[in-house]
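Undergrad: Each chain, written out:
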Amino acid sequence: MLKINNLHASVEDKSILKGINLEVKPGEVHAIMGPNGSGKSTLASVIAGKEEYEVTKGNIEFDGEDIDELAAEERAHKGVFLSFQYPVEIPGVSVTNFIKTAINESRKAKGLDDMPAKEMLKLIRDKADLLEIDRKFLSRSLNEGFSGGEKKRNEIFQMAMLEPKLAILDETDSGLDIDALRIVANGVNKLKNKDNAVVVITHYQRLLDHIVPDFVHVLHNGKIVKSGTKELAHELEKKGYDWIKEEVGA
Amino acid sequence: MELKEKLLSSFMVFEDKVDIDTYVHDIRNEAIKTFEEKGFPTKKEEAWKYTSLNKLLKEDYSVFPKQENAIEYRDVKKYFIYDIDTYKIVFIDGKYSSHLSQTTHDGMDVCLMSAALTKPKYRLVIENYFNKAATKDSLPSLNTAFSSEGAYIHIPKNKLVEKPIQIIHFSTGNESATMLQPRNLIVVEENSHVQIIERHQSLTSNPVLTNSVTEVFAKKRAIVDYYKIQNDNLKASLIDNTFLKQKQESICSVHTFAFGGKLIRNNLNFYQEGQRIDSILKGVTIIGNKQHVDHNTLVHHIEPNCESHQDYKGIFGENSTGVFNGKIVVEKEAQKTNAFQSNNNILISDKATINTKPQLEIFADDVKCSHGCTIGQLDESAMFYMRSRGIPEKEAKALLMYAFSNDVMNSVKIPELKQRITKIIANKLGVNLGFDL
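If you're matching them up, the sequences are chains A and B in order. Residue numbers are given in our numbering: position 114 of the first sequence equals residue 114, and the series is strictly consecutive. Residue numbers are given in our numbering: position 67 of the second sequence equals residue 67, and the series is strictly consecutive.
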């Protein structure tokens, strides 16, 4: 589904990703871990199509197609979803209207008509229930005045609505208390199936207790320096990142 | 012949044609003298530093347009707020159009300035209010000299006017270039409440220059909500001079939605003549295409314990220019004044310009005054956020612009009007979001 080949990317001539190779197949859950500044969020943004980052070498394939030149919205229409570490506030646009627009624009891109209002309403209600979101919350301005936990839950709600093929969760656990973490993780697990895939980007092990990865990769200085199974995450939790830095001679 | 000379010589003809009421005649004569002395404002004047009328004044305007009434309601319906019942005072090329209007004399006067200026029963009102708020600056004086038609609204005490009043000026361009000088007088007596929507609309590609004066008098505890929709074509220019005199505990708001026209200058002046008054000035400007919009505001705090709130948002595209010049004067007696002003701007093109200037003159020592202005670009991270959810660039920009003007939109009290303005913005941005914000 996702195939990243020798990806190099930079921002304002500063090289951040220095040769990433990663393959994610349908049905898989991958975790990308690593110390601060290792390039985790950059990798997420580059996959989603943030224009500030320049791919200088290598490429990203999605479903066999090179997507490097596609705009962020075109990648979204193909089924790429990024849950933001810091979701943006948009006053005056309600959660409901925002997600309606997102869904109908995706449908438009696929040559479909708008989703009938009734169907949309039912879908919104079902997904809100799944994430234990209060209906009143849906008429509030997007992310405006939301707590950290509300913002993250809203991200996963949008993911549930858009049903992406590939979901990248960038530090979704930060700012969540233990109850919210459980709700968010449950939501992700319920949406998971054999045809879609999840990439969890995290600094800590705790989210991985709930969303169990098939593979764990350690990112350091713009490269994946170690890959393994979920046991690797436990090891990192216990020992920190320093031993890896030493191991790769950084 | 230069426009100034043409206007001066036309004045003689004009005074012959209209009524011979000596009271109004004297005011007009005084006004034309003032205009003759001062002439059109130039960029040398501080208040006109960023707005030049030079190009506009080169057109050969017809000062007394021929009457043209060939407008059918169905052709201009879209310029009205038609989904609710309203009073309408409609003018075509400066002349009253009875078939498009719906006026009343039932318990209040929603009618014509020409009637007020000439009929004896209005004489007292005219003596008390006509030209009592307008300044003696050159453009208001020019309007005063030629004042003959416009809206006249007089709401008696304790009256809640349930239907909004729409004042619409159409120009048909049956002459190559037209100059219009509408004059509105609005008197709202104690405890009364009225909502007014004003619009100037050119239906032609011929140049139109409108120099409008509106005087509003809000008595004790009166509430006046005034909305100006400025969405004219690229050949039409507007100089709007509006003056509001407020008595104690009155609340007056003016919302100015400036989306179109070649050049728009809004001279908006509030005078607080009593205690516990609230004055609200809000605006959204969205322009591009070499358009120019200048908001020049004045709030004069004369007595203690009053408030004023100014909030202007501007979005400027390709080759457009914006000006915001907000002046707040707090007199020595006006202690405990709360005066707030904010002007936020987004430039969406490298070729757009905004000049913003707060001007505070505070002579009292126990006041709260704040002002702030920002100039920025559309938030890149917000754009990426929306696009990553599948919302294309154009639609994402539109959503951000709505979000940006949300504070002002939210204080529009007529839902149908708010909806209409939202639609105008959507049209302007070329998007259809499928829902009303």
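Simulated from the structure, these hints should not be mistaken for lab results. Be careful, since some hints might not be right.
A few chain B residues that face chain A, going by a derived Cβ cut-off under 10 angstroms, partial list only [unchecked claim]:
1. A115
2. P156
3. A396
4. L399
5. A403
6. F404
7. S405
8. N410
No more than 20 angstroms apart at the CA atoms, straight line, and that leaves these computed lysine to any residue pairs for SDA-like [unchecked claim]:
9. A/K108 - B/P392
10. B/K327 - B/N338
11. A/K108 - B/N338
12. B/K394 - A/E69
13. B/K418 - A/K110
14. B/K428 - A/G92
15. A/K110 - B/K327
16. A/K108 - B/E393
17. A/K151 - B/D379
18. A/K110 - B/D379
19. B/K394 - A/E89
For each residue, glycine too, the CB sits at the ideal point set by N, CA and C.
Undergrad: Now look at each hint and say whether the structure bears it out.
TA: Comparing the hints with the structure gives:
The beta carbon of B/A115 comes no nearer than 43 angstroms to any beta carbon in chain A, farther than 10 angstroms, and the hint placing it at the interface is violated. For B/P156, the suggested interface contact is broken, since its CB lies about 38 angstroms from the closest CB of chain A, more than 10 angstroms. With 10 angstroms as the threshold, the beta carbon of B/A396 comes within range of chain A, its nearest partner Cβ sitting at about 8 angstroms, so the hint holds. For B/L399, the suggested interface contact is upheld, since its CB lies about 6 angstroms from the closest CB of chain A, less than 10 angstroms.
Annotation: interface hint on B/A403 holds; nearest CB of chain A at approximately 5 angstroms, less than 10 angstroms. Because the beta carbon of B/F404 sits about 8 angstroms from the nearest beta carbon in chain A, less than 10 angstroms, this interface hint is met. With a least beta-carbon distance of about 8 angstroms to chain A, the hint placing B/S405 at the interface is held under the 10 angstroms criterion. The beta carbon of B/N410 comes within 8 angstroms of a beta carbon in chain A, closer than 10 angstroms, and the hint placing it at the interface holds.
Restraint check for A/K108 and B/P392: satisfied, since their Cα atoms lie roughly 11 angstroms apart, inside the 20 angstroms limit. Using a Cα cut-off of 20 angstroms, the hinted pair B/K327 and B/N338 holds, with the two alpha carbons roughly 14 angstroms apart. Only pairs whose Cα atoms come within 20 angstroms are accepted, and A/K108 paired with B/N338 is rejected, the gap being roughly 50 angstroms. Only pairs whose Cα atoms come within 20 angstroms are accepted, and B/K394 paired with A/E69 is accepted, the gap being roughly 18 angstroms.
For the proposed pair B/K418 and A/K110, the alpha carbon gap of about 32 angstroms is over 20 angstroms, so the pair is violated. Proximity of B/K428 to A/G92 is assessed by CA-CA distance (about 19 angstroms); at most 20 angstroms being required, the pair is judged to hold. Restraint check for A/K110 and B/K327: the C-alpha separation of about 52 angstroms exceeds 20 angstroms, so the hint is violated. Restraint check: the Cα-Cα separation between A/K108 and B/E393 comes to about 14 angstroms, which is no more than 20 angstroms; the hinted pair holds.
About 19 angstroms separates the Cα atoms of A/K151 and B/D379, which keeps this hinted pair within 20 angstroms; it holds. Restraint check: the Cα-Cα separation between A/K110 and B/D379 comes to about 28 angstroms, which exceeds 20 angstroms; the hinted pair is violated. Simply put, B/K394 and A/E89 have alpha-carbon atoms about 18 angstroms apart, close enough for the 20 angstroms limit, and the pair holds.
Violated hints, in rising order: 1, 2, 11, 13, 15 and 18; the structure is consistent with all others.
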